[in-house]
Amino acid sequence: MEQTLVGFIALYIVMLAAFTGIEIISRVPAILHTPLMSGSNFVHGIVVVGALYALLNAATPTQQVIGFIGVLLGAGNAAGGYVVTKRMLEMFKPSANPASK
Amino acid sequence: MEQTLVGFIALYIVMLAAFTGIEIISRVPAILHTPLMSGSNFVHGIVVVGALYALLNAATPTQQVIGFIGVLLGAGNAAGGYVVTKRMLEMFKPSANPASK
Amino acid sequence: MNPKLIIDATDFAAALLFILGLKRMSSPLTARSGIVVAGWGVLVATLASFLEAFGVTADAQPHLGTNLALGVIALVVGVGWAWWSGKRVPMTAMPQMVALYNGMGGGAAACIAAVELSSPLPSPGSKLAIALVGALIGAASLSGSLTAWAKLDGRINRAFHAKGQQYANGIVLAATIFVGIDIISGGAPTPALTAAFFIGALAYGVLMTLPIGGADMPVVVSLYNAFTGIAVGIEGYVLQKPVLVIAGVVVGAAGTLLTLVMARAMNRSVSNVIFSRFGAASSGPGREIAGAMKPAEASDAAVSMRYAGKVIIIPGYGLAVAQAQYKLYEFVKLLQAAGVEVKFAVHPVAGRMPGHMDVLLAEAGVPYDMMHELDEINEEFSTADVALVIGANDVVNPAARTDKTSPIYGMPILNADHAHQVYVIKRGQGKGYSGVENELFFADNCAMVYGDAQAVLVKFIAALKELGAAA
Amino acid sequence: MNPKLIIDATDFAAALLFILGLKRMSSPLTARSGIVVAGWGVLVATLASFLEAFGVTADAQPHLGTNLALGVIALVVGVGWAWWSGKRVPMTAMPQMVALYNGMGGGAAACIAAVELSSPLPSPGSKLAIALVGALIGAASLSGSLTAWAKLDGRINRAFHAKGQQYANGIVLAATIFVGIDIISGGAPTPALTAAFFIGALAYGVLMTLPIGGADMPVVVSLYNAFTGIAVGIEGYVLQKPVLVIAGVVVGAAGTLLTLVMARAMNRSVSNVIFSRFGAASSGPGREIAGAMKPAEASDAAVSMRYAGKVIIIPGYGLAVAQAQYKLYEFVKLLQAAGVEVKFAVHPVAGRMPGHMDVLLAEAGVPYDMMHELDEINEEFSTADVALVIGANDVVNPAARTDKTSPIYGMPILNADHAHQVYVIKRGQGKGYSGVENELFFADNCAMVYGDAQAVLVKFIAALKELGAAA
Ligand SMILES: NC(=O)c1ccc[n+]([C@@H]2O[C@H](COP(=O)([O-])OP(=O)(O)OC[C@H]3O[C@@H](n4cnc5c(N)ncnc54)[C@H](OP(=O)(O)O)[C@@H]3O)[C@@H](O)[C@H]2O)c1
Ligand SMILES: NC(=O)c1ccc[n+]([C@@H]2O[C@H](COP(=O)([O-])OP(=O)(O)OC[C@H]3O[C@@H](n4cnc5c(N)ncnc54)[C@H](OP(=O)(O)O)[C@@H]3O)[C@@H](O)[C@H]2O)c1
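Residue numbers (my numbering), protein chains in the order written: chain A, 1 to 101; chain B, 1 to 101; chain C, 1 to 471; chain D, 1 to 471.
This is chain A alone, in the form it adopts within the complex (with noise of 0.2 Å):
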């Protein structure tokens, strides 16, 4: 049979994957909110793996340029995304000494 992603099935995925986005984020503590902010950014990125689908699918020059333009766009995003928000990440330390709570 083939996995079809269409119609009420879609839909299904679509309201699930909001419902898990909306819980889990809704957790996030203010104090976490920039990183979120770009961590979420770098999940789109994953659209590049779409851009290559189009890119490597390309059949006329136009194509192969768009393609092209998409998968260094989508690449930037993902890559940006990781680094900026890793490096944000990264300050977030607790106390050396606990008692100085």
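No lab work stands behind these hints, which were simulated from the structure alone. Using N, Cα and C, we set each Cβ at its ideal position, and we do this for glycine too. Careful: at least some of the hints might be erroneous.
Stated by the list, open to error - Per label pair, the in silico range of CB-to-CB distance:
1) I181/D / V6/A: 16 to 24 Å
2) E379/C / G410/D: 29 to 37 Å
3) L29/D / R401/C: 24 to 32 Å
4) L29/D / T57/C: 51 to 59 Å
5) I181/D / A13/C: 28 to 36 Å
6) V6/B / D59/C: 20 to 28 Å
7) S269/D / S95/A: 33 to 41 Å
Use these hints to put chains B, C and D with the ligands onto chain A, whose structure you have.
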């Protein structure tokens, strides 16, 4: 295109449903644990819908008997779970006088 | 309009409503509407599923009239009986009732699988295998839940355990799985094999549940709740019904989580609950406790609370046994009228099911903002004049904090012993669920008010009223 | 092994890793590993997607070598540039960098749609329509994010707003949608129409963003983050890639939620942020404030904090402007060494992005358990000897609690005014982001230490060191 729930698509749905369940349930305070237990018991009462499907498609007396039992049991699950959960939840009331908190 | 489309749409709506309903259950403010929201989900999906009549298989076509009639009868009888029994059951019998309804759901899932197996055109092997797994879990959940119900309802009193019981259970399970494999590899399942499979699965549920002690039952009920959820999810996959998959998985996750929470708050593992008989072994030496219990008169205790600034009440299993929640709240209202600040400290596993005390107190009309969880209130005991322990034992045992040899060591407890004065209401020298002695009762600041909880509270109330009349 | 299976499996793993990674980000204890977990998801899925080479369409077959080479080049260049720029960007420039990366994601989604549109065999109409919606959102997010970047980075300084701008924007959007409908109904999209569509979408993003003030930009960036998520989700549907749908929807939900949180903490609606120029109208009369601001010497303020029992520090936008976080922590460590209890009270929208102050303080090495959220700390101000306000204004304005006519009325604020003594470090009479006067500065228990935050903190440090040397 046929809407089929197979392979990875089914896995995605299971994964997302599991996360949604865990995230939502882990927020329920201990005070509501008994109603939650019977409330989630009610939710799997939706099995009655599957049992009805099986009964309506029954083609032999055996299938009819089994289907009948299935609907009977499923209906008991759903209705019973609903009634006792509702009764329990209706007992939870806030202070009439909020100052006495 | 296309009937299939309507069914799909109502199924989707049901899944959405379940999730929204469960979300509302995470706060006492919205919980009451939560069950109603989820209820609409089941209602519309059930009504819409009659539209399946437009798309039945050719074989089923001649029987359609009968099948529809059977469906309506089954629904009416099932709903009617459950509604009637659910309205009637007293709050104290809730655990067994939940077990019963839960078992029915497991049975329904097993029936779906059975219909699939008895169909003249068997589904492809992999689907058959999946249906069988669901059937095994569903059937075991049915018979196991029924056993739990019978034990909790006092219909089976003896604890059945024989030597080597674990091995016998293992053999039954293995045999059932073997029959299942035979069915799958055989292609077309014969009625005899199918029957053998279901009998094996049902027997396993009974055998697994019988040796478990009655007090451990709530953990088992919660576990079977998760089992039924998983069975429903699996049969949903077999029937290609996403709403069943989602509802089943969500409940499976919820039940698993609750089971773990309960086990953790009892300081045990889930497998320890299921596979070992608790208490049987823990009658060891225990620590010698110095000092003696000091009895107190009910009227003296009542008067000292009347003149206290702050009283924290810790209800336990004994309150449920004595059904004294109404008298307790009557007493609390008298204290409040006299200007005393009163709070309830509720331990997550006080009583015999999770949240048991909360439901009990709510039944008596105690507003939920007076009930405080362990983390919330534990620091407040040191500022309380009186801690009143009613029928609780293990949940206030300081040995959990200090005595590494105690079976309850490490379990989080309520720090009643930090209050200025502690009063304990219990009938005598009875031990708690874990069977260990309680150091608190021997402490200098603790006095025992002996008697049935209900009787003692009646005396408390009388003492306060007398005081009011005298003043 | 079947390459399609490997791709599907890695996609699934990526979706799982994203959710697990985001879950870890909900606590500072685990957040650092969260991004790494999510990172593995993108990495494996990207590598596996080269396996698509085994299943390309017949038309693409002759170009496969070129396409593979192009893919590698694009990846290397994109990752290389982003890695280099991301490592180099100072913390203060984070908002614009996030905007830039986010816009790139939107652009990638739009490119996917463009390839789909330029394909010789157009997809069925409904799919085409869905691809176009994603393209519109993605392209607008690209150009809008770039505009936001340019504004935040100081490359566009003027705020552009003309009369009737709203109408002009509306017309551009309507025209773009009209072209889109033409493409769908026409069947095979012509290059000219496609180009017109994309130009319209890009123009709309620019026009919508240009009039918004620089200070409102973070809200807009967060909104575009949600937009890109949705665009990615939509193109995921077009490509039948569930992992893109899930990642896109999760980010769409996250971005929407964050945008709402930010708007709520600013006491405004999202549409108010986007469609009205804040501050422009709020230069109304305001309440007449009695009293005068009392200046204080930096050294006096420092000494009084040295001998205080408890100091709560409230950082604001001015701290970021002055880049004084390092000096601030140096000062705090001196106070702690002298036995003073120091806490940071961080308002959710202090600064110019959500959590701005937390990142700034973390950069200077302040441990996160010293940073306290509004709800956590607001009751503690009454027990503090000194509240030190550094470059914050709106977030401590008591008018939000009392003055119904104030534009910030109703916004939750930090109760600095409840402290025994308040010191405020700011350069002069400058107003805050909302442009309203602050009563706190005129209060009896408040003294102003004028000067740039960095300069004042240097003086504080010097004063404490002198005191130490003298002692
Ligand atoms: N909540 C759950 O989900 C759950 C599930 C399974 C097991 N458990 C376990 O159950 C225990 C609960 O602790 P708990 O403190 O609530 O109860 P407990 O430790 O079982 O103690 C109950 C006490 O109540 C007294 N009592 C019994 N009937 C009474 C009556 N009519 N009037 C007055 N007192 C009466 C008994 O002493 P006398 O005989 O001297 O009166 C006994 O010491 C924990 O060990 C927990 O792990 C809980
Ligand atoms: N965080 C977000 O997500 C976000 C997004 C958009 C808007 N906002 C808004 O931004 C505001 C944030 O409040 P806030 O209290 O942090 O800041 P604020 O109200 O904008 O006030 C900042 C103060 O810092 C002073 N200042 C500026 N540069 C300084 C320097 N170099 N040294 C010392 N002081 C300096 C200014 O006064 P002088 O000129 O006299 O020095 C000004 O009064 C809120 O109104 C919020 O709604 C927040």
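Comparing the hints with the structure gives:
In this structure the supplied range 16 to 24 Å holds for I181/D paired with V6/A, their Cβ-Cβ distance being about 23 Å. For the pair E379/C and G410/D, the beta carbons lie near 33 Å from each other, so the given range of 29 to 37 Å is met. Range check, L29/D to R401/C: about 25 Å between beta-carbon atoms, so the 24 to 32 Å window is met. Hint check: L29/D to T57/C, Cβ distance near 56 Å, so the stated range 51 to 59 Å holds.
Taking the beta carbon of each, I181/D and A13/C are about 30 Å apart, inside 28 to 36 Å as hinted. Judged by the Cβ atoms, the range 20 to 28 Å given for V6/B and D59/C holds: they are separated by roughly 24 Å. As the Cβ distance of S269/D to S95/A is approximately 39 Å, the hint placing it in 33 to 41 Å holds.
The structure agrees with every numbered hint stated previously.
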